[in-house]
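S.K.: Residue strings, one per chain:
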Amino acid sequence: MQIQPVLAALRRHRLATILIAMEIALACAVLCNACFLIASRIQMTHVDSGVDESFLATIKLTGYDEAKASDLNARVTSGLREIPGMQSVSVINEVPFGETAGNAGITLDSAGQKFAGVVDFYVAGPGNFEALGLQLISGRAPRADDFQPMKAFLPSSANVIVSRSLAEHLWPDTDPLGKEFWCGDFHFRVTGVVAHLARPSAGEGGPGTIEWSVFTPAQPGANLSGVYLLRADPAQLPRVLRDARAAIAKLAPDAVVEQQASQTIGDLRQVYFRQDRIMAGMLLGVIVALLLVTALGIVGLASFWVQQRRRQIGIRRAIGATRGDILRYFQTENFLIVTSGIALGMLLAYALNLLLMTQYELPRLPLYYLPAGALILWGLGQLAVLGPALRAAAVPPVVATWSG
Amino acid sequence: MSMFGYYLNLALRSLMRNKMLTALMVIAIAVGIGASMTTLTVMHLLSGDPLPGRSQHIFYPQVDPSPLPDPENTHKPWDMMDYRSATDLWSAHRADRQALIGRSALRLTAPDMNQPPLMAQVLSTTSDFFPMFAVPFQYGGSWQPQDDQQRTRVAVISSDLNIKLFGGANSVGRTLRLKDSDVRIIGVLAPWRPSPQFYDLVGGRFSNGQTADFYSKPQEVFMPFSSSLDINTDGFMAFTCWRAPDPGTSMTTSPCVSVALWVELGNAAKVADYKAFITDYATQQKALGRLTHADNTRMPSLMQWLDFNQVVPSDVRLQTWLAFAFLLICLFNTVGLLLAKFLRRSGEIGVRRALGATRGAVLTQCLVEAGLIGLIGGFGGWLLTLLGLALIRQQPVAYADLLHLDSTMFLATFVMAIVASLLAGAVPAWRASRVALGLQLKTL
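Line by line, the protein sequences give chains A and B. Going left to right, the first sequence walks through residues 1 to 404 as the working numbering numbers them. Going left to right, the second sequence walks through residues 1001 to 1444 as the working numbering numbers them.
Don't read these hints as lab results, they were simulated from the structure. Remember, predicted model here, so these are calculated numbers, not experimental data. Please note that the accuracy of each hint is not assured.
Claimed, not checked - Subject to a maximum C-alpha distance of 25 Å in a straight line, what follows is the list of computed SDA-like cross-link-like pairs (lysine to any residue):
1) B:K1270 with B:S1254
2) A:K68 with B:S1254
3) A:K151 with B:S1066
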């Protein structure tokens, strides 16, 4: 197939050619960025919480008298442990994907000068480390004497366990064990590192800080009460949670169960990422509509060109061109237009990505999205032009003899 | 006018002649308009002024109680104030109206209604709140300034809570048990749904663009600031603390920011006076050793405060960008198809030109045809917008129940569709009007 005659013909339809190419370019830019947005949303929903989600549920109580908090903790934990199938009940301040309770800024010096970011403190009574199923990668699990009494919202000095992500942020390329950090007057020393531990929600630093968590052992009491972590076999968990909610009415008539917050961790995770899934779905809808509209545009214009050139097609057929030649002519034409659109579209995609990066906390568009988007648009173009091109190929040579 | 009717007739005939091409163009316009108007309507409803006509007089004074060193002056005042600063400014009564804001969640029962206890969202405020924010009442009314002083245990409840507890009956005079104290209902609000819920909107800059909750419903119980602290000694929810409060610290001296202040200032002179007043206050407090950063005072207006908090969720802004890119693609598509459509009729246009039609007449006729496509596409776009809004209303977002197509956006749908199609038709129509006369006649 010679490209020369195709280009010559396109030059005669400069405006229409440019329009279709522009449409392809815009589609390419939106397609690449929308796919990238979908991928980053979906990746976000796959965050590893580091805990045995399918085994865990939580109950959150409020409205009780703070002075009776220790009594409430004792009543609830001992009462709930009676439920058949319950493996453990422990007191904690928050759970992954639940409501945030322990956000605070930390410093790497006791004077409070070297600010190191806003992290999340899981303040947890005995039993939580095992119940959560945290995976220790260095150091040791909390010992009985690590559980210090609370002073306000944290123990005044504690041996803590941090996530690998936080350890790498605070002490890059250094062994974090034994390192210290401060939060105002509160002092912490790292005694262990876990592979993953997601905080209830990413902090001011954006999605990259989702695992900046500190597991802080503490004694339950007035400042650590009301949130309970339940562990049971996944098959029994929904029933255990139901029984637990029912039992609370008798165990703690003085408290109010926060319905939204008292769920299995799996359900909390679903709710937590709902908006991301909706957004991903919406973006997918836009992509489908976009490709459809672009395809229809190609079909419309190609049909017009086929009809306009019926006579020329007839002449070419009369002087020996095969049906395949005609078919390939229109396919080549489409390929050339789409290719020029894609060339411009890649630049546009990059520009749009830069714009999105300034507006939203998005990383740079990985380069492989560009050829992937190009492949999709080439395929779409060929698919859309196939119908009109086949009609063109079906034009009989006799048309050449018709006038008009 | 008769010419317009004639062009309309021609346009209709032309559209009917090639139904496929017409349908393609109408669908492109309808889908593009539907997508962009859906997102634009959401933007319009979420970025609107919650107090139209009054918001320019409402201000949010801020002082910076942080004792932490800030050598580079980068610290913006926190989104709320400490108890002492806020109540000092309020007690001075230097504005036309002023209302303190504190938030808490309290256990609530209605003793004579036999319903399980619930956690009620309580807004502690002062009597000016209701007239300042034009809050509508269904039964009873607000408390008076002397109730704030005398620490009267009264409450105003929301319409929703009144329906939940009392089946919507006039509950003025009934008693609620909040935590361990009885309060008497003196007012029931009519349904009130400010968008966003502007008066206790804080922390937007720390929320990574996930601000949908700024559009949730107002609190269920409103109580005098003074008496609410009597029944809830734990104090209000803190926005943040600059150090951990010592056990047993009372709300009034805690190292936390948990109180906000709104003021109404009727004219520019009063605004300037009030700004000077807060600066003087901060300077005087610095002299007393209570504040560290005296020069760090602010007083955004209501709308500036909403902007600062980036109230419109970033997802909604992203959707709007996307929808407009999509509309642009639909328009390019329509330009191409219109070009095909008009130029296909080159022969017919040639004849009309030969018979005396001016270029302007051909241009006008083509534009009428494009406009007609826009009108039909706009109708489709309107239906798709309604569908789009209905779909978003199904989503579990705080603003779902706020969404509707108001008359402005209804009109905007059609205006945008017609303008878009005329824009798309401009180049093809111009090309059609330039059709070379002789050439076309020769090929006929």
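S.K.: Which hint numbers does the structure go against, in order from smallest to largest?
M.R.: Violated hint: only 1; rest satisfied.
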